[in-house]
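Put chains B and C on the given structure of chain A with help from the hints.
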Amino acid sequence: MGKLFAVVVAIITVVSTAIFLTHTWWLPVDISAHGHAIDHQLSETMVSSGVLFVLSQLALALFVWRFGDRKDGRPIKTFPGGVTPMVVLAAVLVGAEILALTFVGAKVWAGVYQTPPDPNALQIDVQAEQFAFYFRYAGADGKFGATHPELINEASENYFGLDPAHDTTARDDIVVPSLVIPVNRPILLMLRAKDVNHAFYVPELRIQQDFVPGLVIPLHFTATQTGKHEIVCTQLCGLGHYNMRAYVEVMPEEQFEQWLKDKASQQ
Amino acid sequence: MDRPADQPRVAEHAPPQGFLRTHVFSLDHKVIGKQYLDLALVAVCTGMLLSWLMRVHLAWPEAPIPGLGKLAPTGAAGGVITPEYYLSLMTMHGTIMVFFVLTTAPFAGFGNYFLPIQVGAEDMAFPRINMTSFWVTLVAFLVLISAFFVGDGPPLSGWTAYAPLSAVGKDAGPGQAVGQTLWAVSITLFCVAQLLGALNFITTTLDLRTKGMSLARMPYSTWAWFITSVIGLIAFAVLMPACILLILDRVAGTSFFIPAGLVISDRLQPHAGGSPLLWQHLFWFFGHPEVYIAILPGFGIISHILPVFARKPLLGPRVMIGCLVAIAFLSYTVWGHHMFLSGMNPFSATLFSVPTLIITIPATIVTLLWIGTIYGAKLRFTTPALFCLGFVSVFVSGGISGFFLAQPSIDVYLHGTYFVVAHFHFVMGVAAMFGIFAGTYFWAPKMFGRMMNETLGKWHFWLTFIGVYCVFMPMHYLGLAGNIRRYSAFTDDYLKPLIPLHRFITIAALFTGAAQLIFLYNLIRSRLVGPKAPDNPWQATTLEWSTTSPPPFDNFAGHPPVVSRGPDEYGGTGPAGDYVMQASAP
Amino acid sequence: MTGVASYPPRVVPPPGGPPGAPAPPPPPPTATRPPASQPARTGVWIAVGTISMTFAALTSAMVVRQGAAPDWRHFQLPPLLYFNTLVLLASSGTLEWSRRRIDSARGPAGVYLTLALGVLFVAGQVVAWRQLAAQGLFLATAPSAAFFYVFTALHGLHVLGGLGGLTYVLHRLRGGGSTPAPRAALGAATLYWHFMDGLWLYLLVILVTRV
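Chains A, B and C, in that order, are what the protein sequence lines are.
If you read the first sequence in the numbering used here, its first letter stands for residue 946, the second for the next number, and so on.
If you read the second sequence in the numbering used here, its first letter stands for residue 10, the second for the next number, and so on.
If you read the third sequence in the numbering used here, its first letter stands for residue 4, the second for the next number, and so on.
Keep in mind that the hints were calculated from the coordinates and are not lab data.
Keep in mind that a hint or two might mislead.
Where chain A lies over chain B, by a calculated footprint (3+ residues, C-beta under 8 angstroms) [unchecked claim]:
hint, segment
1, 241-249
2, 319-333
3, 371-385
4, 394-401
5, 455-463
For each residue, glycine too, the CB sits at the ideal point set by N, CA and C.
Isolated chain A, as found in the complex:
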C-alpha cells in the first residue's frame, strides 16, 4: 500500500508539474507596457514554489515508500539531526524566498498601482452598471461634464447622468459602449460604478480593478499592440453578471483620432 501511495503521489506531481512547465495552458499574449514585469514575477514564483512543491511531494512519497509496512523489526528512528536544524533551514529558505518575492513583487505592484499616471495620459471615464460598461471621452473641449445620478436614464441613453441642457462641458462628451484606445499612449481610466461592485479585467492587458460605488478609482496602463480583446466583469454583480462584457480595441494613433472625430460628428 505504501509503495502504491508513493507511486501515485509521484505521478500526480510529475504530471501536474509537466503541464505547468510545458505551458499547455498559459497566460494569453501580453499587450501592455507593464505586463512583462508581472509575467516575470509569476514565472519566478512558479519556479521557486514549484521546487518546494516537487521536493515536498517527493519527500512524502519517498518516506512513505521506505517506511511503510516495515517488517524488518528494527526500532523507529528519529529524523536525522532532530527538529531544530530542519525548522531553522525551512525558516531560512522560505524566509529568503519570501523576502525576494516581496522585494521584487512590491516594486512590480508599485509600478502598476502606485505610480502617478502620465500627465499626458488620455483620460477616459468608465461607468460600470448592471450589466454593461460605458466609456466617456471628453470631446473637443477636453473637459468632462459633471455627472448627476438622478439624471441617469437608460431609455434616453444618458448612462452617466449628464446634463447637456445646463452644462456646456457635457455637450460634446462622447459616450460609447466599447473602449477604443490608441496604441502606445498612456491611458487613464476613471472607474465609477452606477449601482454595485463590478470589476474591470482584461487578461491581455494584465490589469484588474474593482469598481466601488461611491468611489472614483483611477487605473492607468499603456497598450503596446493593436487588436481587439474582451473586457469582463470579475466582481459578482448580480443576475446578469455572466453577460457583463465589453471590448477594448487598440488602434494606431491616426485611426484613433479619426474614430474620435467620427464619433464627435455623430453627437
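The following block gives chains B and C in isolation, referenced to the frame of chain A:
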C-alpha cells in the same frame, strides 16, 4: 455548571431519562457532537449536490437535469440551469460548505465529542450552553435552506455577500429580496452559536482538565480545537455585528454599506453615505481567520492520528503547537489580501502581502514536521492513516498556490480566475475534508462502538485522492489561462477553447462525488451492523482510548483518569506493546 | 482572583494550624491549577473578551462610516441617559455589596435590588429611545442615530442577558447559599455585571464625543 475541581467529579446533570432527553435535547457533549456531525453530513450532501449541478452547467450549459425543473421552476425551467441560477447555486454551495460543513464538522462536531474526553472531563463546562449552541446552528441551517423555497429563490451575491449588492434589497434582482435576508439572519444565528461553542471549548480546556493533564500533555487535536476556539471567538464576534448592520441596511433603511447616488433597476436608491469597503473589511476580518477555523482542526486531527499509525511520536511537538499559535495570530493580520483590487489604498496591499507570505513559514514547518514524522516510522496503512498522508499531499498542493496569490503583483492577474478557486478548494476544502475523513474513520469505532469497513474505506480513499487532483489541479491551468470565476456560459467568448478542460473537470467531479457514496454506505452500514469495536482498536494512547467504546454517559464511569504522560508515546515498550497510554501509571 | 474574595479583609485562621503554634507559612500558590477552578468565572472572562471584540468592531465601523461621507449629523443625547448611567452604576454597587455579604442572611437582598435597578435601566433606555423618536430621530434618519440605536440596543440586550443570569443565580442561592457553587456563580455574575457598567461608560463616552 461551576463545580470546583476539588469536589468529587460527578456529572452535574444526572443521566437523562427518556428518548427526548437522551437523543434530542441532550446535554451530553457526545450526543451534541454526533448531532453536529450529522448536521454536517446533511449539509455536505446538499453542498455537493449543488456543486454537481454547477459543474454540469459549466461543461454542458444546455443539458437538462432530470427532475430539477420541478424543484426550481424559475431557475431551471425544464431542468436546464440558467446562468442566473448558477449564481444562486454557487452562493448556497459556498455558504453551506464554509459555515455548515467546514466549521461544524471538524471543529464543533469532533471537538464537542472528543475535547472533553481527551482532557479527562466528563462533559463540557456549560452543557446547557452547549446544547443551545447546536440548536441555534440547526435553526441557522434551516433558515438558510429555506431560501431555496421562498418566492424569489436563493440569494446570488456569493458567500461573501458584498455590499451594496447584498444590501439594497429586491432592486438588485430576485433572490436579493427575501433570500438574501434569510442568508444574513442565518449567518447571524450561526455566529451566535459558534461564539457559545467557543466559550465552552475554551473554558473546558482551561478549567476541566483532569489531574496530571498539563497543557504540555494535551493531545494535538485538543490544542487545535482550543486555538481554533480562540480564533472563532474573535472572528465570529466581528461577523455578527457586521451581519446585523447588513440586515438593518436591508430592512430598516439605514446606510452603513450603501453610498449615495446608486441607481439600481432604474431607481435612485434612498440611501446615502455608506461605505461598501466597510463591509469587505469587516467580512474579511472574519473571513480570513475563518479559513483557519476550517483547517486548524484538520492540522490537529492529522497530528493526532499520524503518530498512531506511524508508531512514532510527532516530530517537534512544541514546534507544532508554536506554529499553530503563530498561524492563529498571523491570521488576524492578513485580511486585506482578499482586497488587493478592491479599491483600497494600493500601499496597504503591500502591507497585507508581507504577513500573508510570512504565514507560509509556520505552514511549511508544520508540513515538514508531518513528513519528518514519517521518516523512520513503522507506517500502518489503515484508512485513517491513508487520509492523513493524503491530507499532507493536498495541503502542500493547496498551500503552494498561496505564494502566488499573496503577491498583489500576481494577484492582479489571477484574482478573478479559477486559480483562486483551485487554491481555496485544495487548502480549505479538500484538505479539511481529508481531515474530517481521517477523523471519521479513526474515531467511528469510539463514537459508535462499531468498526468501519476497511476495504470500502480504502476504495473510498483511492478514488477520492485521485479524484480531487483531477478536479482541482486543472483549475490552476484554467486560472492561468484567464478563465474567470463566478461565471458560467463560456459559449461565445474567449473562454470557449477551455470548455474541454471544464468537461474533464466535470466528469472527474461526478466520479469523485459518486465515490463519496461508498463512504456514506460504509458509515451508515457500520453504524448499524458493523463489527463491535474493541476499546482501543488502533493501539492509541490518548484518554478517549482508555474508556469503553462508546464511552459511558460521564465518559469514565465515575473514575476520571490521572495522566502522567504525553499524548504520543509510541515506539518504546509498554505493557501492551510499543505504546504507553496517557492514563497508565507513571 | 477568586470570585469569593472577601472584603474587608478578614483574618482567616490558616487551616490545620494547631492553636498557639506559630502560624505556618501560607500555602504556596497552587502549582498548575487554582484549587477551585471556576468555569463560570472563566466563562465570563471569555464572554467579556468576545463582547469587547463585537463592540470594538462596531466602533471601528462607526469611525469608518463617519469618515466615509459628509452626512454625519450631530444631535443632543437625551439627558435621561445620564440618569440611566447612575442607575446602572448603583446596580453594580448593590450587587458588589451583596456579593461581599453572601454569607449573611441579607445577602440576596442586594441581588433583588440589582435586578430592580437593572430593569429600571433598560426601561430608562427605552424611554430615551422614545424621546429621540419624538424628536424625529429614527434608526434610518442619520448615520449617527443609527449607531446610537445599534449600540444601545446591543448593550441593552446584553444587560437583559445579565438579568436572566442574575435571576438564575438568585434561584440557586435560595436553594442553598452556603455551598460554594452558587457563590462562585454570584461572583461570575457580578463580574459580568461590572463589565456591563464599564462597557456602558465606554459607549457613553463614544456617543457623547461622536454623536
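Coverage assertion for the segment 455-463 of chain B with respect to chain A, Cβ distance below 8 angstroms, three residues required = violated (count 0)
Coverage criterion applied to the segment 394-401 of chain B (partner chain A; beta-carbon cut 8 angstroms; 3 residues) = holds (count 3)
task = Check whether three or more residues of the segment 319-333 of chain B sit with their beta carbon closer than 8 angstroms to a beta carbon of chain A.
result = n = 6 at 8 angstroms, threshold three: holds.
inquiry  = Tell me whether the statement that chain A covers the segment 371-385 of chain B is true, taking a Cβ distance below 8 angstroms and needing three residues at minimum.
reply    = holds (count 11)
request  = Take the segment 241-249 of chain B, compare each residue's beta carbon with every beta carbon of chain A, and decide whether three or more fall closer than 8 angstroms.
outcome  = Since 0 is below three, the answer is violated.
Hints 1, 5, counting from the list given before, are not met by this structure.
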